[in-house]
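Residue numbers (the working numbering): 1004 to 1172.
Keep in mind the hints are simulated off the structure, nothing from the lab. Misleading hints may appear alongside valid ones.
Here are the simulated SDA-like pairs of lysine to any residue, each with C-alpha atoms no more than 25 Å apart in a straight line [what the hints assert, rightly or not]:
no.: 1; residue 1: Lys1167; residue 2: Ser1090
no.: 2; residue 1: Lys1132; residue 2: His1047
no.: 3; residue 1: Lys1132; residue 2: Phe1025
no.: 4; residue 1: Lys1167; residue 2: Ala1032
no.: 5; residue 1: Lys1167; residue 2: Ala1147
no.: 6; residue 1: Lys1132; residue 2: Asn1081
Here are the computed distance ranges between Cβ atoms for each label pair [to be verified]:
no.: 7; residue 1: Arg1130; residue 2: Ala1078; range: 28 to 36 Å
no.: 8; residue 1: Asp1152; residue 2: Pro1058; range: 25 to 33 Å
no.: 9; residue 1: Pro1127; residue 2: Glu1075; range: 30 to 38 Å
no.: 10; residue 1: Arg1092; residue 2: Pro1058; range: 13 to 21 Å
no.: 11; residue 1: Ala1078; residue 2: His1047; range: 16 to 24 Å
no.: 12; residue 1: Arg1130; residue 2: Asp1099; range: 16 to 24 Å
Even for Gly, the Cβ is constructed at its ideal location relative to N, Cα and C.
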Amino acid sequence: MQRLMILRHAKAVPWHAGVEHFPRAQSEAGREHAARVARWVCDHQQLPDDILCSPSQRTRETLAPLLALRPELEACTNFVPQIYGASTRTMTTLLDRAFTERDCVLIVGHNPGFEMLAFEVIAPSERQKVTRLPTGTLLIVDFATGWPDGAGQGHLSHVVRGKKLEGKR
């Protein structure tokens, strides 16, 4: 079995005219949500063998609490410029490469690409479990037959929203 962890960046400061999207930082709420998700992953899940992260400010900040809790993960973390604004095809190509050598991959990035990726890899019978991917949401998708054979037939084992983990450790 192989596992894909899809993490949409946590809430960022609001965008307004004249501000570039790429360097936008997390909001205070986003930092809190990212920290909760990181604690949940460390407490409840197998850690990823490979991490693919968009290099934007808010995605780096979303990943930072996990790396702070488990510094050994820095060795398997790759900041991949192609993830920023990526199409589903680009992300599946990146995942094809990652899964040739790893069994658990965490990808951290942005919508709308991440919602489209989720709908593409999750089995049709389970897609109603996630109709959208709000900021700070982690999806954990298991592939019984591995990747890429199981892509499109993934079992959605967890939907974790940082906002819903309030106060939980």
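> Pro1127 and Glu1075, beta-carbon distance inside 30 to 38 Å?
Replying inline: With a Cβ separation near 37 Å, Pro1127 and Glu1075 satisfy 30 to 38 Å, so the hint holds.
>> Can you confirm whether the C-alpha distance between Lys1132 and Asn1081 stays at or below 25 Å?
In response: Distance of about 29 Å is beyond 25 Å: violated.
> Does 28 to 36 Å hold as the CB distance between Arg1130 and Ala1078, or does it fail?
Replying inline: 34 Å, holds
>> Given a hint of 16 to 24 Å, does the C-beta separation of Ala1078 and His1047 actually sit inside it?
In response: Hint holds: Cβ distance 22 Å, inside 16 to 24 Å.
> Has the hinted range 13 to 21 Å been met by the Cβ atoms of Arg1092 and Pro1058?
Replying inline: The hint (13 to 21 Å, Cβ to Cβ) holds, given that Arg1092 and Pro1058 are roughly 20 Å apart.
>> With the threshold set at 25 Å, check whether the alpha-carbon distance from Lys1167 to Ala1032 stays at or below it.
In response: 12 Å, holds
> Holds or violated: Lys1132 with His1047, Cα cutoff 25 Å?
Replying inline: Status holds; Cα separation ~20 Å.
> Hey, Lys1132 versus Phe1025, does the alpha-carbon distance stay inside 25 Å?
Replying inline: Given pair Lys1132, Phe1025 is violated - Cα atoms ~30 Å apart, limit 25 Å.
> Does the alpha-carbon distance linking Lys1167 and Ser1090 stay inside the 25 Å limit?
Replying inline: 28 Å, violated
> Is it true that Asp1152 and Pro1058 lie within 25 to 33 Å of each other by Cβ?
Replying inline: Holds, at about 30 Å.
> Is it true that Arg1130 and Asp1099 lie within 16 to 24 Å of each other by Cβ?
Replying inline: 22 Å, holds
> Is it true that the CA of Lys1167 sits at most 25 Å from the CA of Ala1147?
Replying inline: Roughly 28 Å separates the two Cα atoms, so the pair is violated.
Going through the hint list in order, the structure does not satisfy hints 1, 3, 5, 6.
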